[in-house]
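Peer 1: As a plain string of letters, each chain reads:
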Amino acid sequence: MTDQELVNKVLSGNKLASVTLIQQHQRLVVHIVGRLIGNKEELEEVCQDVFLKVFEKLDTFHFQSKLSTWIATIAYRHAVNQLKKLSRQVSEQDLDKVAFQVGEEDTTFENENFKLFIHQLIDQMPMQYRIILTLYHLDGFSYSEIVEVTGLPEGTIKNYLFRARKKMKEICEPLLGTEIHLNSRL
Amino acid sequence: MKEDLDKNIDDALKAEFEFSISSDFAMKVVRNMEGIYADSDRRLIGLLGIACGFGLALALVAIFFLSSPSSLLILQDYIGWIVVGVLTFLIVQFLDKKLVLNKIQN
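These protein sequence lines map, in sequence, to chains A and B. Here this note's numbering is used: position 53 in the first sequence is 53, and no number is missing along the way. Here this note's numbering is used: position 92 in the second sequence is 92, and no number is missing along the way.
In case anyone wonders, no lab produced these hints; they're calculated from the structure. Please read these numbers as outputs of a predicted model, since none were measured by experiment. Certain hints may be false.
[Claimed, not checked] Cut-off 35 Å, straight-line C-alpha distance, at most; resulting in silico cross-link-like pairs (DSBU-like, lysine-lysine):
hint, chain 1, residue 1, chain 2, residue 2
1, A, 85, A, 166
2, B, 14, A, 15
3, A, 85, B, 28
4, B, 28, A, 53
5, B, 7, A, 85
[To be verified] Quick list of simulated restraints, FRET-style, between CB atoms:
hint, chain 1, residue 1, chain 2, residue 2, range
6, B, 47, A, 59, 18 to 28 Å
7, B, 90, A, 2, 21 to 31 Å
8, A, 41, B, 56, 42 to 52 Å
Using N, Cα and C, we set each Cβ at its ideal position, and we do this for glycine too.
With the rest of the complex left out, here is chain B:
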């Protein structure tokens, strides 16, 4: 065996070692990915809910201010920026979700 040591070491180095994973590993990974995206969907819906609630609250505040014309002038300085912020947030969330989902959905 001594003279074959190099060859035996070579063979041993090329031998598969005993680390195995389940036979349905690939399907498990794909299912996990779908689960992650489903969780992400639920998070998005939650965020949309919060955003809608926030928008509704703003609308109520705006209606309240409408009853007092001088207060409405103050609100006018900020309302534009608030609306732009909320819309940007929603658009970014939507686009991000679209891009991720397009990768893997059937």
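Just chain A, with the same shape it has in the complex:
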């Protein structure tokens, strides 16, 4: 089923199509909200609010972009608004000024632990880096789609991706073959 057929069915009142639309996009919304809010307790509630907004505004969607990009934009804006409500940092921060911490629990630096370690590094990055890394690597969004979602210029997005990876390598390289400290909260 194409995006257009799905949207038309939802707008005509088909409940099954509504469920399908949510199931097709819930992973994307969870990625965006989870990465920005970072609170498992609030995650489901915020994701629900995102989908309620999606259905509320669905009749204004005219397929000028992919449905997933449009939903991601709503999820991003809603998550940023939630962060503002919670008085958390949403303005642009310099990656170089972040003091990365790796936590408390001793473990070896291999396989699954490495993935966990990288995710913990991402969680400590400024908001814009977190969302760009997630959309680009995890959800396979193109630069132009990330521009649409975040409103950031394409050059900035490329620069953030480059700097984030460079920072991860800088942190990881000295730790290779050693023991690292993983934060137990993930």
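Fit chain B to the given chain A structure using the hints.
Peer 2: Relative to chain A, chain B alone:
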């Protein structure tokens, strides 16, 4: 591992992170929507009740004024606008409700 660092970072970036939602999340959202519309229905009924009460009060006032022809002349200047206002309010509420419900109802 050092030489594979780039590849390992790539793999880690693509790895699903541990944020999960309930398996019946989609159904929950749809049920919530239905709940919101049901609440909205109840609000509409409440508003209709208020509007009807208001209309009834106006009718009683009008009947009262009918007993005094000179007062009726004063009332005539305003009654048209009051009726138009109430009717417009009711029509807008009704259309709004129809449009919202059409989106999701089976």
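Peer 1: Next, verify each hint and record whether it holds.
Peer 2: Each hint, compared with the structure:
no.	hint	in the structure
1	A:85 - A:166	32 Å, holds
2	B:14 - A:15	33 Å, holds
3	A:85 - B:28	25 Å, holds
4	B:28 - A:53	15 Å, holds
5	B:7 - A:85	38 Å, violated
6	B:47 - A:59: 18 to 28 Å	23 Å, holds
7	B:90 - A:2: 21 to 31 Å	40 Å, violated
8	A:41 - B:56: 42 to 52 Å	49 Å, holds
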